[in-house]
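S.K.: For chain E, the structure is supplied; the task is to place chain R on it using the hints.
Heads up: the sequence lines are chains E and R, in that order.
Note that our numbering has the first sequence beginning at 544, numbered continuously upward.
Note that our numbering has the second sequence beginning at 24, numbered continuously upward.
In case anyone wonders, no lab produced these hints; they're calculated from the structure.
Since the structure is predicted, the reported quantities are computational estimates derived from the model, not experimental observations.
All residues carry an ideal CB built from backbone N, CA and C; glycine is no exception.
Quick list of the computed label-pair ranges, beta carbon to beta carbon:
(1) E/A581 <-> R/W111: 16 to 26 Å
(2) R/E345 <-> E/F641: 26 to 36 Å
(3) E/A630 <-> R/E345: 36 to 46 Å
(4) E/D589 <-> R/L366: 35 to 45 Å
(5) E/L612 <-> R/G174: 38 to 48 Å
(6) E/F638 <-> R/G230: 50 to 60 Å
(7) E/Q648 <-> R/I377: 49 to 59 Å
(8) R/G382 <-> E/T594: 49 to 59 Å
(9) E/L565 <-> R/L80: 26 to 36 Å
(10) E/S564 <-> R/R139: 11 to 21 Å
(11) E/S564 <-> R/E345: 50 to 60 Å
(12) R/Q54 <-> E/S564: 27 to 37 Å
(13) E/Y649 <-> R/L80: 22 to 32 Å
(14) E/E651 <-> R/G230: 48 to 58 Å
Distance condition first, Cα-Cα at most 27 Å in a straight line; then the derived BS3-like pairs of lysine-lysine:
(15) R/K110 <-> R/K159
(16) R/K166 <-> E/K587
(17) R/K166 <-> R/K110
(18) R/K176 <-> R/K110
(19) R/K176 <-> R/K166
(20) R/K110 <-> E/K587
(21) R/K159 <-> E/K587
(22) R/K176 <-> R/K159
(23) R/K159 <-> R/K175
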Amino acid sequence: MANPAADKHHDDHHGIAHVASLKVLLGTWILLMILTVATVGATKVDFGPSTNLAIAMFIAVIKATLVVLFFMHLFYDKLFHTVLIVAGVLALALFVGFTLMDSNQYQESIQWNYTVPADPPPAP
Amino acid sequence: MTAGHDHHAPHGPGSGHDDHGDHGTHPPGIQHHYDDAQHQFDSGKLGIWFFLAQEVLFFSALFVAYVLYRHHRPEIFAYAHHYLDVKWGAINTGVLIVSSLSAAWAVRCAQLAQRRGLILCLSITLVCACGFLAIKYIEYTHKIHEHILFGKKFDPCVSSGGQHLLTNGDHCPGTKRSACRAADVDLRPDQPGWQVACKVKETTPTGTRELPVCEMEAHHHGPAHAANPPCWEISQNPWVCKAGDFNGTPGVAALVHYGDHALRGSSTKIELECDAAKAPPTPDYAADLPVVGGLGQGTFQPKQKLSDHDLGVQRSMGPPPEHTNMFFSIYFCMTGLHGIHVLAGVIVCIWLLIRAVKGHFTPQYFGPVDYFALYWHLVDLIWIFLFPLLYLIH
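If we strip away everything but chain E, and leave its shape as in the complex, we get (with noise of 0.2 Å):
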């Protein structure tokens, strides 16, 4: 991505790889705090426990996604670093999301074998 523009020595760096400005490290490390700080602010809110749930993994999706940017420079690097990375994340997804919809399926039918006797087997 931004590979041909760092080789053209559009600053005072080297040609190797970008070099991220302190102003862009400072800045995504307070987001960072501050978010942190938001996410256990905001536990203390009751919204209810899905709105809850959903506000703390929309501001993790946001800090994971500074960070990548950011300190792990993928804003400025070469696309097919953020598309392994979002390969990567996807299969996460596929993973979940397959695992959550199968045992889905198949839940009602499951037996805990603690508080509740399993139901005899009906009669032939």
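M.R.: The following block gives chain R in isolation, referenced to the frame of chain E:
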């Protein structure tokens, strides 16, 4: 790969490694089989990104386990996360974010040939990584101590916070040795044939009550008598001293396990009172042993100091839902695997620090620092998700 074309383009005057294959012209740190620094750096970077994508898949199995259990048994998660201390989780999140900043800064320093800055940044990363592990150690030891562990090792009856719920619902029978607290009392029998019964009295500002004794055992305080085992043989209250030679060897102490799960503060006093009587005659005993009364009395405080956190956990929460241990199985798997990654990061960081001090890294050769930083950011990233998923369940 397009980079293969890109990296030939920028060779300007002064870049003396056009003729790849010639050993002598390679700058330090550049391997023979790479055309130049750019080629080596890009190859390594591609490799580390493949590794990171693999790491995502590696952790994905644990996230699947988490999502499935939380989806099907949300009450377990809602209950069990109270055992975790948000304070430690939040501090660790901050520690990791600081270390991520310093790791990213270290890359910048390496790129700009700032050797002192590089050493400083790597040191900060290392200190933060060790701090993270130290906090994890505090959390883990607390849980081990309180039997808040995975699988069958999860025993809320032992946890001091867990004791509160047990008084309300009698969910843990007091016969469990591990659920009992132990206290020493000195007994001074000098003949076999004694029957000892102990009572445990608890005094709180609201009143006095007797606690059940779940087990008693004996041990020597004095010199060990290998040939003469302790006479205390019956492990239930009362004991009967059936055999053994204790003439002239006072200092046999009893360890009384009193079983109860009451919430105890510092104002609670526990008294142990033991009485001796001659054992009922049996064919095994001589019938004419003297009786010595008032064997001993001990007053003591509970050894375990209750943490406010644990007290808060289960106050009016009722007993844990069944299979609560699954939460801790998942918790220890996820944080454990993450902790192993942090440990690996610490080792790599030490190696980098040594190399940085030796001055190995140049603007043309800083790949290892960059790859480590990328790995470290991923470790931070995983924690960014673990923290709300494990600690911040509403």
